[in-house]
Amino acid sequence: MQENLNALSSRPIGRLLWEYSLPGVVGMLVMALYNVVDRIFIGQVVGPEAIAGLAITFPLMNIATAIGVLVGAGSSAWVSILLGRRDYERAGTMLGNALTLTFINGTIYIVAFALWIDPLLRAFGAGDLTLPYGRTYMLWVLPGLLLTNIAFGFNNIMRASGYPVRAMMTMLIGAVTNVALDAVLVLGLDMGMIGAAIATDVAMAVSALFVMWHFFRPGVTLRFSRGTFSLRGSVVWDIISIGAAPSLVNIASCLINILINKSLVAHGGDMAIGAAGIFVTYASLLTTAILGICMGLQPIIGYNYGAGHFHRLRKALWLACGAATVICVCGSVVGLVFPRAIARAFTTDDFLLDVSENCLRISMVAFSVVGFQIISTTFFQSIGSSGKAIFLSLTRQVIFLIPLLVWLPGEFGVDGVWMSFPISDTLATIVTAAMVWWQLHLISRRQPLPAPAAN
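Residue numbers (numbering that gives the first Met the number 0): 0 to 454.
Think of the hints as simulated: they come from the structure by calculation, not from any bench. Just so you know, even glycine gets a beta-carbon here, dropped at the ideal spot from N, CA and C. Please note that the accuracy of each hint is not assured.
To be verified - The list that follows gives simulated cross-link-like pairs (lysine to aspartate or glutamate, DMTMM-like), each with its CA atoms no further than 25 Å apart:
| no. | residue 1 | residue 2 |
| --- | --- | --- |
| 1 | Lys261 | Asp86 |
| 2 | Lys261 | Glu410 |
| 3 | Lys261 | Asp414 |
| 4 | Lys261 | Asp189 |
| 5 | Lys261 | Asp348 |
| 6 | Lys314 | Asp117 |
| 7 | Lys261 | Glu18 |
| 8 | Lys261 | Asp127 |
| 9 | Lys261 | Asp353 |
| 10 | Lys261 | Asp349 |
As the list claims (entries may be wrong) - Label-pair restraints from in silico Cβ distances:
| no. | residue 1 | residue 2 | range |
| --- | --- | --- | --- |
| 11 | Ala340 | Pro217 | 36 to 42 Å |
| 12 | His310 | Lys261 | 46 to 52 Å |
| 13 | Thr106 | Gly218 | 27 to 33 Å |
| 14 | Val183 | Ala122 | 33 to 39 Å |
| 15 | Trp17 | Gly268 | 18 to 24 Å |
Let the hints inform the model, and build the full structure from the sequences given.
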């Protein structure tokens, strides 16, 4: 309702960021259980080869996520800006076009994955030992990928239109379903990779139904209506131009995973890939919490930028950067001090534990700066600066990391792969800090609109 939107421009920023980010953080952490629980059950019940096989599927999952994020993040960012401008008609058109795009994109990549699953997995580094596990998981999880895009994408729009708690509930419902089904299918019925995939599919179906129910309800701020589902060129371009930045992060992750997997196979074998999977899973838990903050920050920045309340925008940005840095520092310390304990959650194999411990000790050295970089990319995305957001998305994942992955393993073997991560993180953060400082300088020169008095 309208009061949900008025709060974005009137409530104290600290309180507002807490109210919007806490449900996002909780929801995203719970959603992370989709992947983490699958990996824990598979690693403990099926074995270390299965964990390595699951790691091989990460690039394909990243591609599917990237396509979903292209629509979900782009449309939610524009919904915030348009609601700030009181342009409700175009915001409704954005919602309907987002659903049509999601169905079109999902159908295309699901068919493509099913037709070329083996060549794709081979290209991503699958060997004879890991290919059967990766193929089995992907073929069974394919039906749930479209549902995943619906659940995640429209969850973001739900939050952007003023319903952060309900957005959190969307993710909680699915995550609880996933955990329960994993316990039954993988542990109880010993269905292995197939059971984990089915659990994810069903959980995503539940989340997708819940989020769709919200947008068909009468009385909500933004809902589906006739005439908004036919694609309009200008609306599609707006969605893609803003969604391109976070989407490229996932595509870059796919390319990086290919390079990492091939380098790990050459220098460390299948168990090194398994160790990378454990590191990625742990790091993803931390970045997932940061992405929850980003979800709360995005509608606040987008709405206040659209409304011209720039002092509120700056305060929200710095509060979010501080919170994200605290999470990263804590996660980095735990990863450096207790790496073996983290790895033991996923495997009991002694060799894989040793490789994973070494991986975490090196890879987490500079992780404390990652939060600032992620928040800053969301900042540029939220104000409609798609080019800058895209550039920042590429600095950490492509511009710095790829050259390091090409050079360092030749000098230091498998340790060179692990060393690439902290060096890339540090260089990307330096570039990000300079760009944020300049953007805030430009914003400070614009004439702000008066903000309503705080309640």
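Tested hints:
1. Lys261 - Asp86: 49 Å, violated
2. Lys261 - Glu410: 16 Å, holds
3. Lys261 - Asp414: Roughly 14 Å separates the two Cα atoms, so the pair holds.
4. Lys261 - Asp189: 31 Å, violated
5. Lys261 - Asp348: Between Lys261 and Asp348 the Cα gap is close to 22 Å, so the pair holds against 25 Å.
6. Lys314 - Asp117: 49 Å, violated
7. Lys261 - Glu18: With a Cα-Cα distance of about 43 Å, the restraint between Lys261 and Glu18 is violated, given a limit of 25 Å.
8. Lys261 - Asp127: 14 Å, holds
9. Lys261 - Asp353: 20 Å, holds
10. Lys261 - Asp349: Measuring from Cα to Cα gives roughly 23 Å; hence the hint holds.
11. Ala340 - Pro217: 36 to 42 Å: 51 Å Cβ-Cβ, so the 36 to 42 Å window is violated.
12. His310 - Lys261: 46 to 52 Å: 49 Å, holds
13. Thr106 - Gly218: 27 to 33 Å: 32 Å, holds
14. Val183 - Ala122: 33 to 39 Å: 34 Å, holds
15. Trp17 - Gly268: 18 to 24 Å: 46 Å, violated
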